[in-house]
Amino acid sequence: MTKEEIITKVNQVLAEEFELDQALFLPDALLKETLGMDSLDLVDVVVLIDQNFGVTLNGSDFIEVKTFADFYQLLDTKING
Amino acid sequence: MDKRVVITGMGIYSCIGENKEQVLRSLYEGRSGIGIDPKRKEFGYRSMLTGLLRLPELKGRLDRRQRLCLSEQGQYAYVATEEALLQAGMDRDYLASHETGILFGNDSCAEATVIGVDIIREKRNTAMVGSGNIFQSMNSTVTMNLSTIFNLRGINFTVSGACASGAHAIGIAFLLIKQGLQERVICGGAEEVNLYSVGNFDALSAFSMREDAPEKASRPFDKHRDGLVPSGGAATVILESYESAVARGAEILGEVIGYGFSSNGEHISVPNVVGPAASLRRAIENAGVSVNEIGYVNAHATSTPVGDLNEAKAIAEVFGSSRPYVASTKSFTGHEMWMAGASEVVYSMLMMRNGFIAPNLNFEEPDEASALLNIPSRRVDAGFDMFLSNSFGFGGTNSTLIVKEFKG
Chain A
573 MTKEEIITKV NQVLAEEFEL DQALFLPDAL LKETLGMDSL DLVDVVVLID QNFGVTLNGS
633 DFIEVKTFAD FYQLLDTKIN G
Chain B
341 MDKRVVITGM GIYSCIGENK EQVLRSLYEG RSGIGIDPKR KEFGYRSMLT GLLRLPELKG
401 RLDRRQRLCL SEQGQYAYVA TEEALLQAGM DRDYLASHET GILFGNDSCA EATVIGVDII
461 REKRNTAMVG SGNIFQSMNS TVTMNLSTIF NLRGINFTVS GACASGAHAI GIAFLLIKQG
521 LQERVICGGA EEVNLYSVGN FDALSAFSMR EDAPEKASRP FDKHRDGLVP SGGAATVILE
581 SYESAVARGA EILGEVIGYG FSSNGEHISV PNVVGPAASL RRAIENAGVS VNEIGYVNAH
641 ATSTPVGDLN EAKAIAEVFG SSRPYVASTK SFTGHEMWMA GASEVVYSML MMRNGFIAPN
701 LNFEEPDEAS ALLNIPSRRV DAGFDMFLSN SFGFGGTNST LIVKEFKG
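Keeping their order, the protein sequence lines are chains A and B.
In terms of my numbering, the first sequence is residues 573 to 653.
In terms of my numbering, the second sequence is residues 341 to 748.
Just so you know, not all the hints are guaranteed correct.
Here are a few chain A residues that sit away from chain B, every Cβ distance over 10 Å (derived from the structure) [unchecked claim]:
no. : residue
1   : PRO599
2   : ASP622
3   : ASN624
4   : THR628
5   : THR639
6   : ALA641
7   : ILE651
With the C-beta cut set under 10 Å, the calculated list includes, among others, these residues of chain B facing chain A [to be verified]:
no. : residue
8   : GLU397
9   : LYS399
10  : ARG405
11  : LEU408
12  : CYS409
13  : ARG461
14  : LYS463
15  : MET468
16  : VAL469
17  : GLY470
18  : SER471
19  : GLY472
20  : PHE541
In short, the hints are calculated from the structure, not lab data.
We treat Cβ as the ideally placed atom computed from N, Cα and C, and that holds for glycine.
The following block holds chain A by itself, in its conformation from the complex:
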């Protein structure tokens, strides 16, 4: 799965789950603020990623994630190594 494919799919998944317009998901936009995420939502994002990409994240994976671009990079690393 290419990084572009990952970005396309994860944007679709997040837009559907958080009921938001994908146009808001800019690479430099802050992930948690844009999605309105609290600590509970983090658990749901872990489930979504597992269900859609077959990789299991944990809380510590998100420590360095600030923007959407950071999140895409995290997924690319987890999926493609």
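Given the coordinates of chain A, work out where chain B should sit on it, guided by the hints.
Relative to chain A, chain B alone:
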């Protein structure tokens, strides 16, 4: 000095209607809400009979977080509570600025619990259950969710008293307001209706097997009854002090005047006569009325052989020569369990305010005890101004409420 406790709002979501208007029509026209769910047989149930209702559509009414945390019965309770608050004239601004409590009856969260554990078992990772499951699978699911959705700041807990849960919730709210500890409490009962909810109840052979005639299956007090029909949904009753209602200019729909309770202290599932009779007497004494003033008794009668027999004996013993109309609305709905004590107050209120008594459907031949009671097999087009409602449950818990028309 004790405060008077009045009803200013009601909401209902049940197998005979998704709001008060639909339910009133069903009661008036004698329409049963019972059918069959073939999935139950495939799953291993002995009986496919159940109350039939659909899940409400909440997208657009609640945000994602609120929907994620709501159990099935919580969804029903939300809809019923919205309806009740609308009637009471209490909007979000009012609730945010006036301390309001919530007490609901609920005694299971089977579906959420089973689904959550199944996921953990399969994935071997608790995170995969997601964030909402815990809030759906705790017994207090209804009160914890509704208190956050409606920003409630008063008393907040769930009453688990088996099939008397909803009635005890109203009873406790009544006492709190009467004593001046709360000015208003949203109370009610809720019951899940899914494959996982009552399989272990079906195991006791407690359910009717009249699968070929679902509308005939729930036949409280009839000699040929063969068991109850499980059902559910939610009912909400807004209780308020008389002073609070008057200050708001709210329409007063009725007045709760008595609450009785008792415990049988004997068998875990087989009821007796002494316990229910004690609950009835306590409610009547608490209300300070005579049995002659009560025009209608909404019986607990679920259509089980022993339960109905012993309740009929208890009612006959307590009421003596006074013979009020006695009927069980479970003949329409089946047994709404944790919800029943609250829904049956709503059903009785709708009848009292519209001047009729719904028939005890399928009451064709009395047994030795029901022959002592005045049970209408057809609708009675006559009003009443005070009713008594019984709710009894496993473990021998008994509850009785007395409500009257508000007369200033």
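The hint names B:LYS463 as touching chain A; please verify it with the least Cβ-Cβ distance against 10 Å. Interface hint status for B:LYS463: holds (8 Å vs cutoff 10 Å).
Beyond 10 Å on every Cβ pair: is that true for A:ILE651 relative to chain B? Correct as stated: the minimum Cβ-Cβ distance to chain B is 18 Å, above 10 Å.
Should the hint that B:VAL469 touches chain A count as held when the rule is a Cβ pair under 10 Å? 8 Å, holds
Say whether it holds or is violated: A:ASP622 keeps its Cβ farther than 10 Å from all Cβ of chain B. 6 Å, violated
Under the criterion of a CB-CB separation shorter than 10 Å, is B:LEU408 in contact with chain A as hinted? With Cβ-Cβ at 7 Å, under 10 Å, it holds.
Any Cβ of chain B at or closer than 10 Å to A:THR628, or is the non-interface label fine? 7 Å, violated
Does A:ALA641 clear chain B by more than 10 Å, comparing its Cβ with all Cβ atoms of that chain? 24 Å, holds
Beyond 10 Å from chain B, beta-carbon-wise, is A:THR639? Per Cβ check, A:THR639 is outside 10 Å of chain B; nearest 22 Å; holds.
Given B:LYS399 was flagged as interface, is its beta-carbon under 10 Å from a beta-carbon of chain A? 8 Å, holds
Using 10 Å as the Cβ threshold, decide whether B:GLY470 counts as touching chain A. Holds: closest Cβ of chain A sits about 5 Å from B:GLY470, inside 10 Å.
Min Cβ distance, B:MET468 to chain A: is it shorter than 10 Å? 6 Å, holds
Holds or violated: B:ARG405 as interface residue toward chain A, Cβ cutoff 10 Å? Holds. Min distance 7 Å.
Hint violations for this structure: numbers 2, 4, 8, 13, 20, all remaining hints satisfied.
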